[in-house]
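Q: Put chain G on the given structure of chain L with help from the hints.
These protein sequences, in sequence, are chains L and G. Counting from 1, one number per residue, gives the positions in the first sequence under this note's numbering. Counting from 1, one number per residue, gives the positions in the second sequence under this note's numbering.
Simulated from the structure, these hints should not be mistaken for lab results. Hints are supplied without guarantee of correctness; some may be wrong.
To be verified - In silico BS3-like cross-links for lysine-lysine, where the CA-CA straight-line distance does not exceed 30 Å: (1) Lys80(L) - Lys32(L); (2) Lys34(G) - Lys31(L); (3) Lys53(L) - Lys10(L); (4) Lys364(G) - Lys216(G); (5) Lys31(L) - Lys364(G); (6) Lys364(G) - Lys377(G); (7) Lys80(L) - Lys216(G); (8) Lys216(G) - Lys32(L); (9) Lys32(L) - Lys364(G); (10) Lys364(G) - Lys375(G); (11) Lys31(L) - Lys53(L); (12) Lys118(G) - Lys278(G); (13) Lys64(G) - Lys53(L); (14) Lys47(G) - Lys80(L); (15) Lys64(G) - Lys118(G); (16) Lys372(G) - Lys21(G); (17) Lys216(G) - Lys118(G); (18) Lys216(G) - Lys278(G); (19) Lys47(G) - Lys380(G); (20) Lys10(L) - Lys80(L); (21) Lys278(G) - Lys47(G); (22) Lys34(G) - Lys375(G); (23) Lys375(G) - Lys53(L); (24) Lys278(G) - Lys377(G); (25) Lys34(G) - Lys118(G); (26) Lys34(G) - Lys80(L); (27) Lys53(L) - Lys216(G); (28) Lys80(L) - Lys31(L); (29) Lys80(L) - Lys53(L); (30) Lys53(L) - Lys380(G); (31) Lys80(L) - Lys364(G); (32) Lys34(G) - Lys47(G); (33) Lys34(G) - Lys278(G); (34) Lys375(G) - Lys21(G); (35) Lys10(L) - Lys32(L); (36) Lys4(L) - Lys31(L).
On a predicted model such as this, the values are computed, not experimentally measured, just so you know.
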Amino acid sequence: MSTKRETLTKELLELVAQEGMVEPSEITPQKKLEELDIQSADFVMILMAIEEKYGAYVSVDNELTDVVTVQDLLDLAISKIEEHQAAEA
Amino acid sequence: MSRVVVTGLGAVSACGLGADKLIEATQAGHSGVKPISFDDLDAQRVKTAARLSEADLAAVVGDKPHRMREPVAEYALAAAREAVAQSGLSEAHFGESCGVSIGSGFGGGQTLNINYMKFGREGSMRLDPMSVPKIMNNAAASWVSMEFGATGPALCLATACSSGSQSIGMGYQMIASGQVERCLAGGSEACLESGVFRVWELLRVMTADVNRPFSKDRNGMILGEGAGILVLESLESAQERGANILCELVGFGTNSDAGDLLRPNPARAAACMRMALKSAILSPDDIGYVNAHGTGTVANDVNEVAALREVFGDDLAGVDISSTKPVHGHALGAAGALEMIVAIGALRRQSLPPTINFTEMDPKIGIDPVSKEAKAKSVKAVMSNSLAFGGINATLIAQAYDQG
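This is chain L alone, in the form it adopts within the complex (with noise of 0.2 Å):
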């Protein structure tokens, strides 16, 4: 894993932990955001969150649809940023 992907997966995991309203700690990868509590509420926080700090906009797909783990959804949203920067490049 590249450095600048470690960051954003870092940052990210931050993200998800403070928009859904999670103690960090209890985030690993693994965890399935239900078990979370992450809602489709939140799941809107967090892509306004991923907007505002990237400039991505991300709707919803059924890509999204598809998350279930908090790996998942960190996959998807770097993959979605990653597009984004390179369209921006």
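A: For chain G alone, coordinates are given in the frame of chain L:
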């Protein structure tokens, strides 16, 4: 119960001024989606909407905007004038015997937005003194009733994306029950204002790319605007004055999910379609075409197709389905009225409009809608669905007018 017929259609939309322009655009698959930009939004994420062209907007609003009328009222008036002209109704046909039922999701969004911006930025207390009558949701219905002297019941349902369909349904019920002889019914929306647009962005249901209902790669809707108005009339009244009957409105169903404000429930949407079929005394086999709500959001399309399977059978054999939202956009409170006009166009032309932009079947829903181009088909009856936030469903059914 009186039979209810349609004798006039009027529309204002991104496809142009007039119901024919709307029908023609949906049949040809010519999208009215255009670039849109708001100076107030420093970082606008979604850059398209099915808005009126500058020329059409100027033609409807006029050189000098009316002091007490918002675009939402002007759109409704323009559509109502067209529908009334087509129906051949004259002054003597209005009064108590004519109702007005025109819904809107947002009402006067423009004045509200201008006021918020002025107050928020400048702290100015010098806001538009006519704000209240311009913003109020029933302004469009009231202006239409005044224009024609329709002094029967005037209704304005504000049920989000079901406003237009439910309003037509209420007009249908008022005539069927004998309360009135005729009704100008439909919906109007002029929601393309910076603040409104931004909150739709925040809900993440708008696509930043292309609107692709039912497609695997769909990722949201495109907002639209406009108005659709139908002249509904009792069959007796239309026959008495020798009116040209466009079709018969035979069924209406509406219900509530009473579940989740945003997440739809397929069982309730199916129950709504069944209610409309029951009121039409038709079976699912009689419906040749469904103009779906088909927003192109993941949730709506999954829900709606599940509901359609419940009603029309797992294989959806015999019924053709499409969404025309990529052409006229999602016009919220006007959507149901514009789409009913599109469905009536399909019935009269015996030609089903395509779901443009459809690329690939989504294995999760497994539907292959009418796509790419219009499909010629002999259809006796058509259905139009509206499935709104708030869990409010509405279904309308029209069929070819049979003199027997």
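Q: Does the structure keep Lys364(G) and Lys375(G) at a Cα separation of 30 Å or less?
A: holds (25 Å)
Q: Does Lys53(L) pair with Lys216(G) here, judged by a C-alpha cut-off of 30 Å?
A: holds (29 Å)
Q: Quickly compare the C-alpha distance for Lys364(G) and Lys377(G) to 30 Å and report which way the hint goes.
A: At roughly 27 Å apart (the allowed maximum being 30 Å), Lys377(G) and Lys364(G) satisfy the hint.
Q: Take a quick look at whether Lys31(L) and Lys364(G) sit within 30 Å of each other, Cα to Cα.
A: holds (25 Å)
Q: Please verify whether Lys53(L) and Lys380(G) have alpha carbons no more than 30 Å apart.
A: violated (54 Å)
Q: Against the 30 Å threshold, does the CA-CA distance of Lys34(G) and Lys47(G) hold or violate the hint?
A: holds (9 Å)
Q: Between Lys53(L) and Lys10(L), is the straight-line Cα distance small enough, at 30 Å or below?
A: This hinted pair holds, its Cα atoms lying about 13 Å apart.
Q: Is Lys47(G) within 30 Å of Lys380(G), Cα to Cα?
A: Violated. Lys47(G) to Lys380(G) sits at ~40 Å, over the 30 Å cutoff.
Q: Within 30 Å, alpha carbon to alpha carbon, are Lys34(G) and Lys118(G)?
A: Holds: Lys34(G) and Lys118(G) sit about 27 Å apart, inside 30 Å.
Q: Lys80(L) and Lys364(G): Cα distance at most 30 Å?
A: This hinted pair holds, its Cα atoms lying about 22 Å apart.
Q: For the pair we were handed, Lys10(L) and Lys32(L), check the Cα-Cα distance against 30 Å.
A: holds (18 Å)
Q: Quick one, are Lys80(L) and Lys31(L) close enough, alpha carbons at most 30 Å?
A: holds (21 Å)
Comparing the model with each numbered hint stated earlier shows that hints 2, 12, 13, 17, 18, 19, 21, 23, 30, 33 do not hold.
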